[in-house]
Amino acid sequence: MTTLTVSRQMGSHGFEASQLAADILGYRLVYRDLINIAARRAGAPEMALVAVDELGLLNLCPDPAVCQAYHDAVSQVMHEIAGFGNAIIIGRAGHVILKDRPGVIHVRIIAPLQLRVDRIANRHHISLDCARSRIEASDRCCQRYLQRFYQVRWNDPELYDLTINTARLTSAEAASLIVNCIEKLQLESIQTHAENRENQSSHRLIAA
Amino acid sequence: MPKTEKTSPRIASSLPEFAHPAEKTFSTILDYYGIEWEYEPRTFPLDWDENNHISEAFSPDFYLPHQDLYIELTTLRPKLVNHKNRKIRRMKELYPEIQVKLVKRREMRDLMIKFGLESEAQEIIGVAAQVSQTSKISQVDKI
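These protein sequences, in sequence, are chains A and B.
For the first sequence, position 130 matches number 130 in this note's numbering, and the numbering has no gaps at all.
For the second sequence, position 48 matches number 48 in this note's numbering, and the numbering has no gaps at all.
Check each hint, because a few of them may be wrong.
Stated by the list, open to error - Listed next, the in silico SDA-like pairs over lysine to any residue satisfying Cα-Cα at most 20 angstroms (straight line):
| id | chain 1 | residue 1 | chain 2 | residue 2 |
| --- | --- | --- | --- | --- |
| 1 | B | K104 | B | P78 |
| 2 | B | K101 | A | V66 |
| 3 | B | K114 | A | L60 |
| 4 | B | K104 | A | G56 |
| 5 | B | K101 | A | A65 |
Rather than coming from a laboratory, the hints here were simulated on the basis of the structure.
So here's chain A without its partners, still in its complex pose (with noise of 0.2 angstroms):
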């Protein structure tokens, strides 16, 4: 019943290595799905373009309350994941709001800034301009959003359990970590669960 929230940064390969993992580990890939969800439960549909929008290309600017609603959506909507488990969550300050939660996992995905940008140009076919403004505009929007809404800094290494820089690993070598991480972890918890069962056996053999 394990979730993971992952953080990545634009051109880390975060979103692959997310989507292997998830695929290996038969878990279900959270993304779009929770941003339409919670923009509709808030009755703020608009919301869901707005937190798409992280080059700013919809000069869309929601009223404040529209904002709380659809935070509170976001999160609620977050919990209703992580108690079915077995999901992996990207992005949406899923790291801040599942903080506290047992069973929940927190990656972040990074990888040097010129070496995304170099990424991002050859993907998208784009100039090396180009790609380190929409690198740099990502950022910006994700530093605002986390500090806007939660108050925690992005780079802040003590929000993450695991933190893989893909700077000189593939998107399969960091999806592999991943779910090293989370059978290591699955593997703990039923040895654990095993050793409580076999103390409560002695018990009762001493006991009766």
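Based on the hints, put chain B in the right spot on chain A.
This is chain B only, laid out in the frame that chain A set:
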């Protein structure tokens, strides 16, 4: 709720003939963000004459099925914006369950150039685009 007319759905997989270059640009932005859209899929009657014929109608530019949201693009001209605002107010009276969002295209072109969407940005052409938008509003009014 009054009866609405659903026109033939045109989805992102087959690019429709846009009435305005800004609409094509907007569709590119939606595609960039991976948002599914339909172009002018529905017409909402807003007013009727004494013979019960539709005298005014409104076809929002885009429908986003996953968000259940209609989008109407605006130009920079205040007169045109007022016209659309009035229609949207009327829509809210007649179809309160339908969500419509007015999106201004201010600065869209500059931003797209900055982020490497130059070819799409070229198609937002100042005066010509606004003329095209005016004629479209007149056409819709005649429905």
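Against the structure, the hints come out as follows:
1. B:K104 with B:P78: Holds: B:K104 and B:P78 sit about 11 angstroms apart, inside 20 angstroms.
2. B:K101 with A:V66: The given pair, whose Cα atoms are some 14 angstroms apart, holds under the 20 angstroms limit.
3. B:K114 with A:L60: holds, 18 angstroms
4. B:K104 with A:G56: holds, 12 angstroms
5. B:K101 with A:A65: holds, 17 angstroms
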